[in-house]
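Position chain B relative to chain A; hints supplied.
Just so you know, the sequences run in chain order A and B. Take 1 as the starting number for the first sequence in the numbering used here and just add one per residue. Take 1 as the starting number for the second sequence in the numbering used here and just add one per residue.
These aren't lab readings, by the way, just hints derived from the structure by calculation. Quantities reported herein were computed from a predicted structural model and do not represent experimental measurements. A few of these clues could be false.
Chain A is nowhere near these chain B residues, computed Cβ spacing over 10 angstroms in every case [unchecked claim]: (1) Thr9; (2) Leu18; (3) Glu31; (4) Thr36; (5) Gly37; (6) Cys101; (7) Pro120; (8) Tyr141; (9) Glu150.
No more than 25 angstroms apart at the CA atoms, straight line, and that leaves these computed lysine to any residue pairs for SDA-like [said to hold, decoys possible]: (10) B/Lys57 / B/Pro122; (11) A/Lys211 / A/Arg231; (12) A/Lys45 / B/Glu40; (13) B/Lys3 / A/Ala7; (14) B/Lys3 / B/Leu35; (15) A/Lys211 / A/Ala244; (16) A/Lys40 / A/Leu8; (17) A/Lys27 / B/Met1; (18) A/Lys40 / B/Gly37; (19) B/Lys57 / A/Arg189; (20) A/Lys40 / B/Gln20; (21) B/Lys57 / A/Pro91; (22) B/Lys57 / B/Glu16; (23) A/Lys17 / B/Val5; (24) B/Lys3 / A/Asp51.
No residue lacks a Cβ here, since even glycine has one placed at the ideal position from N, Cα and C.
Listed below are the residues making up each chain.
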Amino acid sequence: MRRFHLALPRSIEDCLKLLAERGPEAKLVAGGTDLLPQMKNGLIKPAAVIDLSGVADLRVLRREDGAGLRVGASVAAREIELDPYTRSTYPALAESGALVGSVQIRNLATVGGNLCNAAPSADMAPPLLALDAEAIIAGPRGRRRVPMADFFTGVRRTVLAPDELLVELIVPAPGPRSGGQYLRHTPRRELDIAVVGVASQITLSDGVCRKVRIALAAVAPTPIRATAAERALEGQPLTAQQIARAAQLAVEAARPISDQRGSADFRRHLVGVLTRRTLTTALERAGR
Amino acid sequence: MAKQVLSFTLNDVDTEVLVQPYVTLLDALREDLALTGPKEGCGTGDCGACTVHLDGKPVASCLVLAMQARGRSVRTIEGLGRFDALHPLQDAFVRLGVPQCGFCIPGVLMAAAALLAENPHPTEEEIRYGIAGNLCRCTGYTKMLAAITEVAGAAPARRA
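One chain only, chain A, in its complex shape (with noise of 0.2 angstroms):
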């Protein structure tokens, strides 16, 4: 690796002195499981290294009265995977966490790295959209909360600034007779990336849906909300005629491109097939 050089703060407030300082020419590192192997192979090479393992209040991971769960941005992929809470109330994302690389990289790998580091693929993207998770974003100003919806921007960028930090992830609670599911193709089971992943998560109520949001990764700049999909849901009993509507619709929200990993056309299948899968499973999950 290039040298740089490194700086270890204890707190936030350190963290944002020192963006302040040298924002432009700095990165931080948390896991370190997607920066490390772009400083190695020297497509990124920042003169200053801002190591975030030794601030706590990143590492928050607690059900809160009344705001649901909060999610601090150090967070290992692991914990979110192995939380009990999580597990229970939050399972779409709780799956997510536990499909990010090996068991090696999610004691390493944070929700904050996986959100800032922006891949069209992320894994815990699609969840936190289909929760309506909110990230709680710190700089020179204060600190601002933003929906998870608006935080991409584009291919590897968001919406935080060269002098912000992403804090932590505010996931309000599903509330009663709710389910979710997130599901990815890979040709690998473990250590790959998402060709697809689709997060899907209902609130019922009287037999119809009240709540719907669908999530897609991979099939465009970056992770997605299929709005006209979850509009043609709400009020509606899921049914399978409904389910598969929603599918169509969740395809025609997608706008993947051809790589190595799949064509645009086996992409817009595996919508289909992977929304129409977390739409039943959702549903079983919130009881019929």
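Quick look at chain B alone, frame taken from chain A:
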């Protein structure tokens, strides 16, 4: 660029070493601390040959900056057992002749030891999942599975 003091617990021993800020934990272990058990296979976290325990959890040490281990506990294959008292997994790997070229074995043992510490009686599926981050280019997975299964006291693994 000035070296920094890395102060941590290494294989149960309080350790201080001067490291460059831009080196990985794997390089510090191998180059500065002469622990060559952890191997560099890919350097990108794909192969698992560099697996060590960081605060008891298996991690790819090629993706950890050495200074990120400050104040923490690191265990390498050198600290898994002793020469006169091998870890049960090491003993089983020797008796069943698991290693072929041997390059992946330290990483596999550290992954398997972490799995059994967390889940002493895993199913075959859980064992496969637990070592899925470790590549063996000799493809010697069948005997690994048999050895880990034996130590776990699980039902014998079916043929892979």
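Violations among the numbered hints, reported as their numbers in ascending order:
Hint check: nothing fails, all pass.
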